[in-house]
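Colleague: Take a look at the letters that make up each chain.
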Amino acid sequence: MDRRILELKDVKTSFYTHLGEVQAVRGVSFTLDRGEALGIVGESGSGKSVTSMSIMKLVQYPGKVKDGQILFKGQDLVPKSDKEMMGIRGDEIAMIFQDPMTSLNPVYTIGDQIMEATMKHQGLSKAEARQKAIEMLKLVGIPSPEKRVDNYPHEFSGGMRQRAMIAIALSCQPDLLIADEPTTALDVTIQAQILELMKDIKDKLDTAIILITHDLGVVADVCSRIIVMYGGLIMEEGSAEEIFYTPKHPYTMGLLKSIPRLDLAEKQRLVPIPGTPPDLLKPPTGCPFASRCPYAMNICIETMPEYTVSETGHRAACWLQHPDAPKVEVETGVKRGEI
Amino acid sequence: MAEKKQDVLLEVKNLKKYFTISSGLFGGKTEYVKAVDDVSFTINRGETLGLVGESGCGKSTTGRTLIRLYDVTGGEVIFDGAEIGHMSEHELKPYRKKIQMIFQDPYASLNSRMTVADIVGEPLDIHGLASGQARQDRIYELLHTVGLSKDHASRYPHEFSGGQRQRIGIARALAVNPDFIICDEPISALDVSIQAQVVNMLEDLQNEYGLTYLFIAHDLSMVKHISDRIGVMYLGKLVEIADSNELYERPEHPYTQALLSAIPIPDPEITRNAERIILEGDVPSPLNPPSGCRFRTRCRYAMERCSQEEPQLRDIGNGHQVACHLMDEK
Ligand SMILES: Nc1ncnc2c1ncn2[C@@H]1O[C@H](COP(=O)(O)OP(=O)(O)OP(=O)(O)O)[C@@H](O)[C@H]1O
Ligand SMILES: Nc1ncnc2c1ncn2[C@@H]1O[C@H](COP(=O)(O)OP(=O)(O)OP(=O)(O)O)[C@@H](O)[C@H]1O
Ligand code: SF4
Ligand code: SF4
Ligand SMILES: [Mg+2]
Ligand SMILES: [Mg+2]
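Listed in order, the protein sequences are those of chains A and B.
Oh and the first sequence: position 301 is 292 in the numbering used here, straight run, nothing missing.
Oh and the second sequence: position 72 is 110 in the numbering used here, straight run, nothing missing.
You can take every hint at face value.
In silico lysine to aspartate or glutamate, DMTMM-like type, Cα no more than 25 Å apart, as pairs: (1) K135/B / D163/B; (2) K248/A / E241/B; (3) K195/A / E318/B; (4) K258/A / E246/B; (5) K258/A / E313/B; (6) K248/A / E287/B; (7) K72/B / E146/A; (8) K248/A / D242/B; (9) K273/A / D189/B; (10) K258/A / E284/B; (11) K248/A / D266/B; (12) K188/B / D270/A; (13) K190/A / E313/B; (14) K258/A / D45/B; (15) K195/A / E313/B; (16) K258/A / E223/B; (17) K248/A / E307/B; (18) K258/A / E287/B; (19) K258/A / E290/B; (20) K258/A / E85/B; (21) K136/B / E49/B; (22) K258/A / E241/B; (23) K129/A / E313/B; (24) K3/A / E172/A; (25) K258/A / E307/B; (26) K258/A / D281/B; (27) K64/A / D166/A; (28) K67/B / E146/A; (29) K195/A / E307/B; (30) K54/B / D118/B; (31) K54/B / E223/B; (32) K190/A / E307/B; (33) K248/A / E223/B.
Every beta carbon over 10 Å from chain A, so not counted as near; a handful from chain B, in silico: (34) V110; (35) G170; (36) H182; (37) S192; (38) P216; (39) R334; (40) E347.
It should be emphasised that the hints constitute simulated quantities derived from the structure, not laboratory data.
Model, not experiment: these values are computed from the prediction.
Glycine included, each C-beta is placed from N, C-alpha and C at the ideal position.
Sequences are here, hints too, so could you generate the full structure?
Modeller: In structure tokens:
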């Protein structure tokens, strides 16, 4: 069987607002295999959520995927009709959002909401669907699921609601699960439960996962490959080890230096990235990070660099990678195994 | 050994804050949320005390009660030698200046119809600290202190990024020359790359003006980074408090141990090999907390005694205090 489940080819998504075109995603390409967990990190507003909404075809008016291909199991989703997408969403591709309260329907029980999905997509009978709902709640660690299945969302705590969302998302055994900040609103102890669950389903059900988060600790834990976005573009992509131990892009390096390390006893001063991200109404023609980059050169402001790709697939869009670029002392990432 | 007397700025003794919730329109049964239930700690001058714990455990309520945004249900708040917990609004006025608060949401906490100059200048007017040219000079000075410029003074909050708005909130808090600032999740709403800007600034201001902080946050890595000591709360109780390195290296309370082990470290090799204590279940309702030790429903060491007797906070050396019956067995 073909392991490749998803391929994005130069996807561009814009919002046509009264102020002008907001170029939220400006040409994003990547691939994903079954059983693989891909992390997307990056600045707020860099296009992470819009990328995932583009895959689900849930970009709201006045937004639109204006260019590129989104190949899911080899078929392009971009030209698909809403009706065709309804069959795919919830069945083959499922999504978990940051705020479970906005995506759970308050007037139906948790059980009804799981049953709706399996009855619609898998043709289960009511009794079978109920049994399946109880199984799913148990899988996501809800205590006494046979009772809890009849609860309404408001009777669940925040962590339980998020787990119920995951139960709904997983009930049809999707091939691809997109989780956009699934644990941001949760406490760390509950986050740990959810992350264990995600690792579990990836390994046991061979589900492909895209995990979007601002928490570098979370991607380090769950994802084998990581994409770093900035200004609507992928700045760097590599294995988790490559991104954390040998980052190539100055934005990735800056991000790693701006977070405190819990495991280091010595207190170190944080190194913030000065300035603020670019305005996507008038995105810069050159490197979007240039206004904040300590290594910026003239060419960076004028022209967007191409990707330099290593044999392992570690790629970065930065002029420093160019063979003719001046050699600068760049700080590397986290020192491996430093405790 | 004659111990040097610590310079205590704030002493909280058996602080309680209960919220009443009456079910039913016409009174009916009155229930209490014991949001803060018998909490005691001290903060020394120039020190940062971090406060951590799960959502709803009472961190914000502790902060808001200290600053008298809420009435004190019980206990004492001694600030700079004076008991302020039960003062009248009139008596409190001079203290209102000395204690300031920075809030989580830099979007909601600034009045969108006021210019930056008026937002920062308002506390100067309220406390009659400066007017005319002196007022304007002070506003520019404050903006400069937090890394903004004069040119920003005439603009409105919506014209600023999240990190800049948080700076405006900090400038406003600094306007009255406070001694003590309660920072309630001051960086949670900010981007990772911007959080460091604000944290560094808080550290610089502390060094320069000798400020004392109570720093409330979810991000335990950041709390450890900024705090000298850390208190851990669970369901309205302080369960452990210690020097921050001591707490991270030798957590004694089973809840603290689970909390710390759950934090994902931004280093793939370390975090994947870390041993996690996964807590079962959710935080119980504060309306109906478990008897005895409130953590017992999720504690892997719970004993019979834990359901009958409430463990008290006890010093196990070096100011490291723990509330757990296991401490008796050591
Ligand atoms: N409905 C919309 N109308 C106009 N612009 C939009 C809309 N939705 C998103 N955008 C813009 O698209 C860009 C990308 O937004 P997106 O939500 O993908 O960011 P993100 O990387 O997910 O950020 P965060 O970490 O804050 O969630 C932003 O500049 C945002 O302002
Ligand atoms: N004004 C109020 N009226 C009634 N109950 C309240 C009120 N404010 C807080 N509570 C309750 O008191 C408890 C403690 O809340 P608090 O906001 O102090 O928690 P917290 O530790 O700051 O949580 P978070 O991390 O989510 O901010 C919660 O159970 C909360 O629901
Ligand atoms: S291309 Fe230039 S500005 Fe952009 S990250 Fe590389 S060095 Fe910095
Ligand atoms: S007192 Fe008992 S239940 Fe509470 S933390 Fe200690 S061992 Fe666990
Ligand atoms: Mg987003
Ligand atoms: Mg709070």
